[in-house]
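> Chains A and B supply the protein sequences, listed in that same order.
Once you know that position 132 of the first sequence is 132 in my numbering, the rest is easy, because the numbers rise by one and skip nothing.
Once you know that position 59 of the second sequence is 1059 in my numbering, the rest is easy, because the numbers rise by one and skip nothing.
Rather than coming from a laboratory, the hints here were simulated on the basis of the structure.
Treat the hints loosely; a few may be bogus.
In silico lysine-lysine, DSSO-like type, Cα no more than 27 Å apart, as pairs [stated by the list, open to error]:
1. Lys136/A x Lys1141/B
2. Lys199/A x Lys1020/B
3. Lys181/A x Lys1127/B
4. Lys136/A x Lys1127/B
5. Lys1097/B x Lys1020/B
6. Lys1020/B x Lys140/A
7. Lys1127/B x Lys204/A
8. Lys1020/B x Lys1044/B
9. Lys208/A x Lys1044/B
10. Lys136/A x Lys1097/B
11. Lys131/A x Lys1139/B
12. Lys181/A x Lys160/A
13. Lys47/A x Lys1136/B
14. Lys1020/B x Lys131/A
15. Lys1080/B x Lys136/A
16. Lys140/A x Lys1044/B
17. Lys1141/B x Lys1018/B
18. Lys208/A x Lys160/A
19. Lys1078/B x Lys131/A
20. Lys1080/B x Lys131/A
21. Lys131/A x Lys1021/B
22. Lys181/A x Lys1020/B
23. Lys1044/B x Lys136/A
24. Lys160/A x Lys1044/B
25. Lys1127/B x Lys140/A
26. Lys181/A x Lys136/A
27. Lys1020/B x Lys208/A
28. Lys1002/B x Lys1044/B
29. Lys1020/B x Lys1078/B
30. Lys1136/B x Lys131/A
31. Lys1127/B x Lys131/A
32. Lys131/A x Lys1018/B
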Amino acid sequence: MKGKNIFWGLFFVLAGALVLVNQLGLFTEIGLFSLFFTIFLVAILIKSTVHISFTGILFSIAGLCIVYAETLHIENITPWPVLIAALFGSIGLHCIFNNHHKHHHDKEFDHESIDSDGIVNVDVSFGASAKYINTKNLEKVNISCNFGAVKIYLDNASIKNDNAVIYFNMSFAGAELYIPKNWRVENNIDTSLAGIDEKNLNAKDIEKTIILTGKINLSGIEIIYI
Amino acid sequence: MKIRIDIDENNVDEIIIKCKKITSEITDIQNLLKNSNKKIIFYKDNVEYYLELSNILFFETEDNFVNAHTRDNVFQTKYKLYELEKILPNSFMRVSKSTILNVQHIYSINHSITSSSVVEFTNTYKKVYVSRLYYKILKEKLERRFLYER
């Protein structure tokens, strides 16, 4: 993604320039490491604001509070109270603004009808569910999971074209995807404090591709090839 | 429980259960003897299959029909879950709003106090969730499992 590279490239160039400036004697009131952290956290803050990612915004503000605790005279609430406040705030805002995410930000989320069997919708909140997908002309799977666990089995599904898309919208959730061995998985998910793992990868005779997209926060996805 | 078989040329084939009162164990034996010959037709891609129920790991609902899962295949059946609950033999048990499983194939149960437990089946990656409500009943049934083992 070009935008990302330019952004971080500029950050590193700026950081390098600041090292030199600091050594030359300017900006010496603020320590070198404080300066680094400040710029790093401000970069994350800007990026999170652009993506409207509450976790990023709150945690970077918390980080900045910790770095400047002395100057701002807020030692009472650093470091742990401010971090815990950021965590709770993050959870709360996610609960409130989950729908806003869906409609506004992600035009990819289909509210397609149940008639079209190429599109499967999985919606799990505060619970656990196993979903076995058996459609013969799979095009898209929309997985929306909050505070829950979901297992999706695609071993008995067939893809119509060359590829199918799985769109994720998850917060505080765990997903297990069981995918046939001869399918390849391409990852385009926007992650925030989240991880994606693969198991049993044995890439031979690749026939189809599964494209993962969407956003996941504080969640985990495990891809198991069968 | 003592088992006594009375062989006599003049006997009529009959099964009599002598008991103090009817317990769940007695009703289990009763259902076992009644339903051991049930057969259900399974469908897949316009083909009809006549499978042994012992091969089915679990049934789960999907929109308008019910899927029957074997180790590495899935079939459809025309019955609804509540109808299946009545006609399936005792080795099958309802474990959630949308699933009936076959206790003979259970490999392990990952018990969770807070949410659903996960049941794994032998020789397959397929798993199902058991809701908290049904977990206790499932455990009791598994303890009486010796009645269904072959």
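> Below or equal to 27 Å on CA atoms is what counts here, so check lysine 47/A against lysine 1136/B.
violated (49 Å)
> Taking 27 Å as the top limit, are the C-alpha atoms of lysine 1078/B and lysine 131/A close enough?
holds (19 Å)
> Would the pair lysine 1044/B and lysine 136/A pass a check requiring their Cα atoms to be no farther apart than 27 Å?
It holds: about 12 Å lies between the C-alpha atoms, which stays within 27 Å.
> Are the Cα atoms of lysine 136/A and lysine 1097/B separated by 27 Å or less?
OK: lysine 136/A and lysine 1097/B at ~26 Å, within 27 Å.
> Does the alpha-carbon distance linking lysine 1020/B and lysine 208/A stay inside the 27 Å limit?
Status violated; Cα separation ~63 Å.
> Quickly compare the C-alpha distance for lysine 1002/B and lysine 1044/B to 27 Å and report which way the hint goes.
Status violated; Cα separation ~44 Å.
> For lysine 131/A and lysine 1021/B, compute the direct alpha-carbon distance and say whether it is at most 27 Å.
Violated - the C-alpha atoms of lysine 1021/B and lysine 131/A are around 43 Å apart, more than 27 Å.
> Regarding the pair lysine 199/A and lysine 1020/B, is the alpha-carbon distance no greater than 27 Å?
Distance ~55 Å between lysine 199/A and lysine 1020/B Cα, so the pair is violated.
> When you check the alpha-carbon spacing of lysine 131/A and lysine 1018/B, does it fall within 27 Å?
violated (45 Å)
> If you draw a straight line from the CA of lysine 1080/B to the CA of lysine 136/A, is it 27 Å or shorter?
Between lysine 1080/B and lysine 136/A the Cα gap is close to 23 Å, so the pair holds against 27 Å.
> Hey, lysine 1020/B versus lysine 140/A, does the alpha-carbon distance stay inside 27 Å?
violated (59 Å)
> Does lysine 131/A pair with lysine 1139/B here, judged by a C-alpha cut-off of 27 Å?
holds (24 Å)
Against the hints set out earlier in the document, violations occur for numbers 1, 2, 5, 6, 8, 13, 14, 21, 22, 27, 28, 29, 32.
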